[in-house]
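**Q** Given next are the chains, with one letter for each unit.
2 protein chains.
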Amino acid sequence: DILDAVLAFFRHQQQQNGPLAGKSVLVTAGPTHEPLDPVRYLANRSSGKQGYAIAAALADLGATVTLVSGPTTLRAPADVTYVACETACQMLECVKSAAPFDAAVCTAAVADWRPEVQAGQKIKKISRDDVPAPIRLVANPDILAEISAPGPQRPALVVGFAAETEKVEAHATAKRQRKGCDWIVANDVSAGTGIMGGDRNQVVLITAQGSERWPHMPKEEVAQRLASRMADWFTET
Amino acid sequence: DILDAVLAFFRHQQQQNGPLAGKSVLVTAGPTHEPLDPVRYLANRSSGKQGYAIAAALADLGATVTLVSGPTTLRAPADVTYVACETACQMLECVKSAAPFDAAVCTAAVADWRPEVQAGQKIKKISRDDVPAPIRLVANPDILAEISAPGPQRPALVVGFAAETEKVEAHATAKRQRKGCDWIVANDVSAGTGIMGGDRNQVVLITAQGSERWPHMPKEEVAQRLASRMADWFTET
Numbered sequence: 001d002i003l004d005a006v007l008a009f010f011r012h013q014q015q016q017n018g019p020l021a022g023k024s025v026l027v028t029a030g031p032t033h034e035p036l037d038p039v040r041y042l043a044n045r046s047s048g049k050q051g052y053a054i055a056a057a058l059a060d061l062g063a064t065v066t067l068v069s070g071p072t073t074l075r076a077p078a079d080v081t082y083v084a085c086e087t088a089c090q091m092l093e094c095v096k097s098a099a100p101f102d103a104a105v106c107t108a109a110v111a112d113w114r115p116e117v118q119a120g121q122k123i124k125k126i127s128r129d130d131v132p133a134p135i136r137l138v139a140n141p142d143i144l145a146e147i148s149a150p151g152p153q154r155p156a157l158v159v160g161f162a163a164e165t166e167k168v169e170a171h172a173t174a175k176r177q178r179k180g181c182d183w184i185v186a187n188d189v190s191a192g193t194g195i196m197g198g199d200r201n202q203v204v205l206i207t208a209q210g211s212e213r214w215p216h217m218p219k220e221e222v223a224q225r226l227a228s229r230m231a232d233w234f235t236e237t
Numbered sequence: 001d002i003l004d005a006v007l008a009f010f011r012h013q014q015q016q017n018g019p020l021a022g023k024s025v026l027v028t029a030g031p032t033h034e035p036l037d038p039v040r041y042l043a044n045r046s047s048g049k050q051g052y053a054i055a056a057a058l059a060d061l062g063a064t065v066t067l068v069s070g071p072t073t074l075r076a077p078a079d080v081t082y083v084a085c086e087t088a089c090q091m092l093e094c095v096k097s098a099a100p101f102d103a104a105v106c107t108a109a110v111a112d113w114r115p116e117v118q119a120g121q122k123i124k125k126i127s128r129d130d131v132p133a134p135i136r137l138v139a140n141p142d143i144l145a146e147i148s149a150p151g152p153q154r155p156a157l158v159v160g161f162a163a164e165t166e167k168v169e170a171h172a173t174a175k176r177q178r179k180g181c182d183w184i185v186a187n188d189v190s191a192g193t194g195i196m197g198g199d200r201n202q203v204v205l206i207t208a209q210g211s212e213r214w215p216h217m218p219k220e221e222v223a224q225r226l227a228s229r230m231a232d233w234f235t236e237t
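Order-wise, the sequence lines are chains A and B.
Read in order, the letters of the first sequence correspond to residues 1 to 237 in this note's numbering.
Read in order, the letters of the second sequence correspond to residues 1 to 237 in this note's numbering.
It is worth saying that the hints were derived from the structure and are not from the lab.
Careful: at least some of the hints might be erroneous.
Just so you know, same-sequence chains aren't split out, so a pair can sit in one copy or run between any two.
To be verified - Derived lysine-lysine pairs resembling DSS-like cross-links, with alpha carbons at most 30 Å apart:
1) 96 x 167
2) 124 x 219
3) 219 x 122
4) 96 x 219
5) 219 x 167
6) 96 x 124
7) 125 x 96
8) 219 x 125
Sequences and hints are given; from them, build the entire structure.
**A** Pasting the structure below:
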């Protein structure tokens with residue numbers, strides 16, 4: 001209706017003057033699903049909430065955002081280009097097709113491995129104790145590492161995410177170096193924290209300068225704070 | 001508000017006079033998620049839509065419905081007792097706790113197998129080509145077979161579901177005998193059909209008397225037709 005149109009007009013005005021206007025940013029979000037057969041798959045827990053909130057926050061600051069997302073139940077934010085995918089391999093293809101970007105924020109919980117074999121038909125259970133052969137796994141492409149690799153297409157700023165259940169800072173600091181990304185946003189997704197699938201988050205931002213623990217806050221605020229830090233980085237660079 | 005209250009009043013009146021009034025019915029629905037570690041799991045594709053629609057249709061006919069559901073994004077129907085669970089083992093426990101029932105409709109896509117080992121911490125990927133040992137599987141409890149097993153607690157009418165990707169009638173007919181249930185509702189969930197996750201369904205009802213192909217129709221209509229057939233069965237018995 002008219003009110004929506006007026007609000008959208010002012011939002012676009014604000015975005016055009018935003019600190020990230022003219023910057024293209026990739027956000028990956030959600031889990032990936034890795035099929036074993038037509039009805040079974042290996043999955044990662046990830047609601048996609050944090051990634052979708054970051055995509056929205058970056059768009060609010062004027063960035064041209066491409067959100068590449070695995071299966072979630074969330075609605076795509078307004079003012080972002082939304083690309084849906086299912087598996088890690090598909091996600092990498094979608095990212096490559098949309099490249100290059102000025103920055104990338106990789107929040108997706110990409111499955112590290114996928115079943116070596118995908119059966120064309122449903123694997124039948126014949127008898128009660130009939131158990132199929134163990135599921136052999138193969139490594140999926142490492143999307144964060146590929147985006148972070150040096151080269152003419154590398155985004156100026158690459159932000160990775162680390163979901164850990166123990167030794168959060170140590171694991172995430174190691175991950176930053178291993179992947180070659182610039183920043184890592186790390187969180188503790190242990191069952192007790194309620195972060196996985198929840199609406200709040202408590203993160204540690206790890207950069208080359210060290211680590212910085214942010215207070216417990218709604219995922220939207222984590223998103224706004226990260227978007228604003230990225231805008232500052234581009235301004236200072 | 002008042003209108004909702006008035007509508008609920010008339011719905012309850014109608015239910016009390018419904019053909020399934022006084023009958024307790026179990027409906028299982030949704031997929032199960034079988035954890036590999038705190039962030040990874042093996043899953044089955046199942047939106048839960050058909051099962052939730054059946055629970056609602058049975059309640060409309062006056063049945064006292066318990067809906068035991070794995071993880072879905074659906075809202076529980078009004079007028080049913082809703083029990084949430086995640087794994088096949090949990091689903092069986094929930095079913096046992098709520099038993100006995102006059103009838104059971106097992107629509108849940110229960111995982112046949114679960115990982116033999118569930119890691120307490122996230123399995124770490126150390127290097128790029130570091131692939132964990134194959135995932136060994138163990139058989140999950142067969143909830144439909146357990147409910148169908150002869151005994152004083154067996155529901156008078158047990159309806160199973162079969163999701164097949166080939167030879168639908170043959171596989172489903174064999175499943176009816178193997179599981180010991182009374183009826184099987186079979187459908188073809190091949191990728192091309194759009195049934196998995198979709199809003200319409202095309203099923204074959206298999207009983208001791210033979211098989212009966214129903215037309216392609218919305219999942220709500222499949223639900224109403226099945227609930228009505230169950231009511232007829234109780235009236236005739």
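**Q** Checking each numbered hint in turn, tell me which of them this model violates, lowest number first.
**A** 1
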